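Asks: Chain order of the listed sequences is B and L.
Last residue of the first sequence: 748 in this note's numbering, with the numbers rising by one and none dropped.
Last residue of the second sequence: 263 in this note's numbering, with the numbers rising by one and none dropped.
Since the hints were derived computationally from the structure, they do not count as laboratory data.
Quick caveat, the model's predicted, so the values are computed rather than measured.
Worth double-checking, as some hints may not be accurate.
To be verified - Here are some, though not all, of the chain L residues that point toward chain B, as calculated from beta-carbon distances under 8 angstroms:
(1) Leu42
(2) Gln150
(3) Cys160
Unchecked claim - Facing chain L, from chain B, some residues (calculated, C-beta under 8 angstroms):
(4) Ile218
(5) Val232
(6) Gly233
(7) Pro254
(8) Tyr485
(9) Lys632
(10) Gln638
(11) Gln649
Unchecked claim - Under the rule of at most 30 angstroms between Cα atoms (straight-line distance), these lysine-lysine pairs were calculated in the DSSO-like manner:
(12) B:Lys675 to L:Lys100
(13) B:Lys632 to L:Lys137
(14) L:Lys137 to B:Lys688
(15) B:Lys135 to B:Lys420
(16) B:Lys686 to B:Lys378
(17) B:Lys625 to L:Lys33
(18) B:Lys74 to L:Lys100
(19) L:Lys33 to B:Lys205
(20) L:Lys33 to B:Lys245
(21) B:Lys71 to L:Lys33
Ideal Cβ placement from N, Cα and C applies to all residues, glycine included.
Below, each chain spelled out in residue letters.
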Amino acid sequence: MAEEIIQFTRRSFLKGTAAALGTLGLASIGVGTAAAAPAEVGQLTYDKIVPTLCEMCVWRCGVWAKVRDGKVVKLEGNPYHPHSNGRLCARGQSGIMTAYDPDRIRFPLIRVGARGEGKFRRASWDEALDLVAKKMLAIKEQYGPEAMIFSATHNLSQPLFENLLYGFGSPNYGTQRSLCFNAMVVANLMTYGIEEPGRDYRTAKYIIYTGRNMLEAISTSETGDLVEAMAVGAHVVVLDPRFTKTASKAEWLPIKPGADLAFHLALINVIVGERLYNREFVELNTTGLEELAQEVAQYTPEWAAPICGVDVETIRRIAHDFAAAGPDAMAHPGWRTSNFVNSFQTERAIAILNALAGNWERTLINSGGEEGGVELGKPPQPPYPRITAQRLDGVPWKYPLVPLKLGVFQEIRDAILSGKPYQAHGWFIARQNPALSLPDRAKTLEAFGKLDFIVTVSVLPNDTEWYADVILPEASYLERYDPVYVLDNRIFLRRPVVEPIGESKSALWIYKQLGQRLGLGDYFQYKDEVDYINQQLAPLGIDIRAFAERGCWSPTLEAKYAAERSACFVPQSITFDGEEPPFELKAFKFNTPSGKIEIASETLRGANQPAVPTWIEPPEPEAGKFYLLTGKVGQHTQFATQNNLWLNQVYSENELWIHPKPAAERGIANGEMVKVTSDVGTVTIKAKVTEGIRQDCVWMTQGFGHRSMGLRTAFNKGASDSDLHVTYTDPVSGGQALSETFVRVEKA
Amino acid sequence: MTNDRGSSFVFRPLGEADMANSVKKYGFVIDPKRCIDCRACLVACRAENNVPLGSTRIWVYDQGVQGTFPDLSQQFVPYNCMHCDEPPCVEVCPSQATYKRPEDGVVVIDQQACIGCGLCLPACPYHARFLNPDTGKADKCNACLQRVEQGEAPACVATCVGGARLFGDLNDPNSDVSIALRSAQSAQRLPAVGIDTGPNIIYINDDVDEKKLAVTAPQIPAADAFYKWIVIPGVLAAAGAAFLGQAAAFARQLRKGESEFDE
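Throw the hints in and build the complete structure from the sequences for me.
Replies: This is the structure we're talking about:
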């Protein structure tokens with residue numbers, strides 16, 4: 001791999017920071033200080049800066065990595081990247097300890113003990129890859145290619161992963177998405193024809209979050225935008241049964257779980273009933289208002305209040321204030337909202353609330369996202385073989401509305417265990433931890449036990465690796481190239497900052513090597529990582545060197561910004577210079593069957609689903625049981641970061657939040673161990689007795705309770721919600737209903 | 001930790017004496033309303049300054065959930081060394097390893113001169129110091145001078161997701177810290193009545209509600225905080241136009257000098 005990384009000279013870095021520091025609030029000690037007194041300044045703490053992309057979560061902030069003596073010593077947010085704006089969260093700052101985690105997998109490993117015993121031996125890449133290919137080809141030969149399941153959490157190397165999967169000929173594609181945001185994505189597809197509307201906080205005056213904990217489930221730019229919006233006086237309403245850090249800075253409504261749908265239906269009832277919606281916008285850009293009006297007539301605030309636990313006056317006030325904010329109101333679409341099987345209806349109601357406010361291209365935007373803007377090239381490849389086998393996750397034969405690329409991951413285990421519609425025999429798992437991410441861990445482990453062969457690609461020996469037959473070590477994000485990242489009309493590059501630890505390799509390398517051994521070499525026509533990236537860039541008339549200085553490139557902004565700061569620097573200021581632009585009424589074209597925002601969806605009607613949002617009664621725990629709620633903390637990402645020594649310093653173990661009253665009834669004091677039992681499992685965890693949660697709920701963050709003894713820091717710390725969650729799937733969106741698990745809590 | 005914390009507080013507007021004792025006066029301005037307790041600053045500081053596991057130079061005080069469901073509140077307050085005008089740590093240091101830099105007011109520790117006696121640890125009323133287990137020397141926030149001298153913000157400030165931490169020259173009326181101070185109510189957090197070491201972290205939009213004073217004490221790295229907790233609010237605007245004019249003239253001079261280097 002020969003890429004010449006143009007190193008930052010100290011001078012060019014300072015120029016960069018001087019430009020950037022304006023947004024960081026440090027203009028006053030900017031370039032002048034250092035330049036004015038060169039004789040007095042101390043030694044630089046780094047030799048060079050390498051721009052790359054973060055991978056501590058899925059948000060992919062831009063990073064400037066400082067390197068000294070071949071080691072990465074400090075990470076800074078790339079000020080030219082719109083996701084980081086020069087900042088990194090605690091996880092982003094901790095990336096160094098993911099690369100230097102003492103528990104990293106350094107070499108390919110082949111299991112020698114029993115599955116789950118954790119005994120492996122070191123193997124060469126050739127031996128490990130030959131073995132994986134031999135096993136996969138044997139399964140294909142004997143049972144057909146569909147007997148291999150492939151799953152990976154979405155990543156920049158996904159196109160090559162898909163080549164492996166579809167080139168091999170299997171339809172069985174598992175992603176993380178049904179555990180995450182299926183309800184939100186499918187609802188927005190049905191309403192707006194896009195997966196997820198973007199948010200623009202610059203004019204936002206009134207924001208409603210439904211279970212979205214924006215200050216703890218951090219996306220650095222959007223979290224920062226919210227703080228800015230609050231600082232200039234935006235009113236923020238947070239619906240959450242728990243007093244989150246977001247709730248602590250907002251109007252908090254401790255809503256009853258699953259009843260946020262009733263709350264939103266009542267908002268619509270008031271806004272439609274009192275004709276407070278943006279009439280011109282609704283007439284011009286939506287279909288189906290009359291049908292909605294008929295349906296929601298019954299959902300009065302008086303009806304909703306006893307169901308959701310928010311009083312009538314508050315519901316009415318919020319409806320009035322939301323409507324009064326008009327296009328500057330925002331009902332946030334949320335993220336991991338598939339908490340009840342009625343969450344799809346909730347998401348539809350949220351999408352429609354936004355349409356009623358007429359906030360399109362104002363606070364709610366079509367961000368273009370990862371598909372937008374830049375046409376990349378790719379190596380030539382043959383078409384995929386025809387795949388006729390059904391998918392094991394029931395898409396589309398059981399879940400007709402779920403897009404293939406989303407899937408219904410949690411359903412795959414039942415297919416493995418029942419052998420229906422056919423028996424799976426192998427599972428290829430890349431950078432994913434189903435042993436902890438899927439509900440009902442016992443079921444997942446049972447399904448593992450029924451398979452002939454499990455191979456994983458991973459940076460760390462996580463829980464799923466513990467049960468694998470072969471582990472292929474991936475280089476951490478600070479040590480490898482990935483395919484380029486398109487964000488709107490900008491492209492960014494992840495590239496090695498330091499040499500990989502041990503013999504770990506990039507996914508681009510691993511997939512190609514394995515592909516060749518599987519007879520799929522035609523799907524991997526690149527010499528190495530740099531060659532792949534250069535083939536992507538060829539149609540743009542640039543090569544990999546375009547990223548050298550800032551880590552990003554843009555075809556449209558290059559000329560505009562070349563003269564001033566940076567090719568890619570678009571200030572993400574929360575305030576406009578001067579006056580706020582006035583709202584303009586416009587007719588938009590949406591990618592829906594009608595070309596409009598579909599308040600009533602013919603697609604849903606055609607699938608025998610309600611065409612407009614409708615009330616679905618969520619299940620409730622019986623007396624003595626609690627809703628088990630889960631969610632994120634700002635210091636960890638899902639199931640992957642608990643072993644990070646620096647993050648361990650700022651959040652080391654999860655706790656079970658419980659209200660003082662039910663705690664006292666059970667004789668539970670703060671900090672004591674409690675036993676939590678659901679229909680599928682039991683865990684022991686430390687209690688956090690707090691006023692900050694409803695009496696009928698308990699809460700814990702996910703990602704703890706690791707069982708892999710390879711994770712020496714995270715092993716056995718806290719407990720995993722996957723031991724407790726019962727598998728419930730929303731029949732429309734395929735999302736796992738994470739909050740329909742009810743538990744008993746007692747003193748341990 | 002005892003609950004012997006004061007509930008009386010004294011108003012003292014920041015005056016000329018606070019501002020004019022050095023050419024440059026580096027300080028922090030912190031807005032707790034913007035702090036989301038994400039702890040990015042703690043990790044950034046650890047990385048930047050090689051802070052050993054188990055120790056920290058900076059911290060975020062979490063007062064915990066206050067009130068009764070559903071009427072609750074919670075505040076997060078970032079802290080680090082206050083780089084005091086009259087630092088008690090300097091006075092007690094037997095080897096003069098700890099000193100206040102005359103050119104910018106940053107309190108630093110000369111690692112060569114420090115003998116690791118630990119006298120400065122209890123001397124600091126903010127408990128901002130610890131004995132570094134790797135070096136055996138006293139350790140604390142040095143305002144990331146290694147970065148500041150290269151034109152970068154301190155690591156905690158640069159990465160602060162909510163923009164709660166600002167750093168700059170309090171003597172420069174055009175610095176972001178000065179601008180922030182002019183636009184909001186400001187307060188210093190003093191360790192006890194009569195103990196005013198001239199702290200140079202100034203809090204804006206701080207919660208000075210008397211009812212909550214008892215709970216806004218910092219969670220200090222060292223155990224057994226026994227001191228009282230007082231808030232002295234002061235609005236910098238009260239510092240007076242005369243001083244600001246003087247400082248502005250001086251800053252213009254400085255900038256003029258700088259621009260020659262910058263071309």
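Asks: With a cut-off of 30 angstroms on the C-alpha distance, tell me whether B:Lys675 and L:Lys100 pass.
Replies: violated, 54 angstroms
Asks: Hint B:Lys632 vs chain L: min CB-CB distance below 8 angstroms?
Replies: violated, 11 angstroms
Asks: Should the interface hint for B:Gly233 be scored as holding, given a Cβ-Cβ cut-off of 8 angstroms against chain L?
Replies: violated, 12 angstroms
Asks: Holds or violated: B:Lys74 with L:Lys100, Cα cutoff 30 angstroms?
Replies: Holds. B:Lys74 to L:Lys100 sits at ~27 angstroms (cutoff 30 angstroms).
Asks: Does L:Lys33 sit within 30 angstroms of B:Lys625, going by the straight-line distance between their CA atoms?
Replies: violated, 36 angstroms
Asks: Restraint: L:Gln150 near chain B, CB-CB cut 8 angstroms. Satisfied or not?
Replies: holds, 5 angstroms
Asks: Against chain L, run the beta carbon of B:Tyr485 and see if the smallest gap drops under 8 angstroms.
Replies: violated, 21 angstroms
Asks: Given the hinted pair L:Lys137 and B:Lys688, is their Cα-Cα distance within 30 angstroms?
Replies: violated, 37 angstroms
Asks: Has the given pair, L:Lys33 with B:Lys205, been kept, meaning a C-alpha gap of at most 30 angstroms?
Replies: With Cα atoms ~18 angstroms apart, L:Lys33 and B:Lys205 stay inside 30 angstroms; holds.
Asks: Given the hinted pair B:Lys632 and L:Lys137, is their Cα-Cα distance within 30 angstroms?
Replies: The given pair, whose Cα atoms are some 38 angstroms apart, is violated under the 30 angstroms limit.
Asks: Checking hints one by one. Is B:Ile218 an interface residue toward chain L, by the C-beta closer than 8 angstroms rule?
Replies: Nearest chain L Cβ about 6 angstroms off; hint holds.
Asks: Can you verify the interface hint for B:Gln649: is its Cβ closer than 8 angstroms to any Cβ in chain L?
Replies: Where the cut-off is 8 angstroms and the nearest Cβ of chain L is about 6 angstroms from B:Gln649, the hint holds.
Violated hints for the displayed structure, listed by number in ascending order: 5, 6, 8, 9, 10, 12, 13, 14, 16, 17 and 21.
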